[in-house]
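Asker: Okay, here's what each chain looks like letter by letter:
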Amino acid sequence: MKEQFEPIYNLGAYEIQQYQQNRYPLLFIDVVEEVRPGEYARAKKNFSYNEWFFPAHFADEPNVPGFVQLECLAQTFIMTFLTFPEHKGKKTAFLNVNNLSMRKQIVPGDTLIIEAHLKSFKRGIAIGYVEGKVNGENALYVDIKVGLPDVMKAYIPKSAENK
Amino acid sequence: MNNREKYNNAFIESLDVEESQLAGLKYQDVPAWDSVGHMGLVSEIEDAFDIQFETDDIVDFNSYEKGIEILKKYSVVIE
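Residue numbers (my numbering), protein chains in the order written: chain E, 1 to 163; chain F, 1 to 79.
Heads up, some of the hints might be wrong.
[Stated by the list, open to error] Within a straight-line C-alpha distance of at most 27 angstroms, the following computed BS3-like cross-link-like pairs (lysine-lysine) qualify:
1. Lys-66(F) - Lys-90(E)
2. Lys-145(E) - Lys-72(F)
3. Lys-26(F) - Lys-145(E)
4. Lys-72(F) - Lys-44(E)
5. Lys-72(F) - Lys-122(E)
6. Lys-6(F) - Lys-104(E)
7. Lys-158(E) - Lys-73(F)
8. Lys-72(F) - Lys-158(E)
9. Lys-153(E) - Lys-73(F)
10. Lys-153(E) - Lys-66(F)
11. Lys-91(E) - Lys-73(F)
12. Lys-44(E) - Lys-90(E)
13. Lys-26(F) - Lys-90(E)
14. Lys-104(E) - Lys-153(E)
[Stated by the list, open to error] The following label-pair restraints were derived from C-beta to C-beta distances:
15. Lys-158(E) - Glu-46(F): 43 to 51 angstroms
16. His-57(E) - Gly-24(F): 47 to 55 angstroms
17. Glu-61(E) - Gly-24(F): 54 to 62 angstroms
18. Ser-75(F) - Lys-122(E): 36 to 44 angstroms
19. Glu-65(F) - Gln-18(E): 44 to 52 angstroms
20. Asn-96(E) - Asp-29(F): 17 to 25 angstroms
21. Ser-20(F) - Pro-7(E): 20 to 28 angstroms
22. Asp-16(F) - Pro-149(E): 44 to 52 angstroms
23. Gln-28(F) - Val-107(E): 39 to 47 angstroms
24. Glu-18(F) - Tyr-24(E): 24 to 32 angstroms
Since the hints were made in silico from the structure, they are not lab data.
All C-beta atoms in this analysis are idealised placements derived from N, C-alpha and C, irrespective of residue type, glycine included.
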């Protein structure tokens, strides 16, 4: 039977760092408003002109780089399984990104609301769907696969160890 | 679809290989059969036969032929 965990609410920057290893300047999400471990996470990211990337991307038309947007989604997604007690604080790795669609430019002053859905979590591999909205409008969405290397290495076939 | 076809399809779908490549195929013989691809292959076979591999069997499963041998433990016979 699937183990159930209590929902977690309103994790701020310090608490988020207890669950994942991303740190400034690459920890992007500001608050994780709700997590249902093994199922769902919702987070928020506020973009102000103080972000380090805006002066460079671009001087005359500041907007959030695509990799930052995608990373915001990934950082929300990993909360769906790093909130399992046995995986808290572990490192993660991107395995696959599919159907990434970026629908809207995100600019200083925007707030990105991210919702992540975990479809499957097996042997250290998490598969899910994540979407981000600004002012209720779709900004981007993606099918994502993320791994926990620490867990995955327990399942590597024997022959690989000899290579 | 018989068990051989189901088994072959799991390889073809998850590792993007041709049926003609399957005999003798070993872990890491093709780029897609790496540690990540292995997890996909294992899941595909579990779904195809409605079984759940034990960890030791996932680690031992390092070739097309070895997989057939391991599946016998789960009462799946590939003829």
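Asker: Tell me the hint numbers this structure goes against, listed in increasing order.
Answerer: 1, 2, 4, 6, 11, 13, 14, 15, 18, 21, 22 and 24
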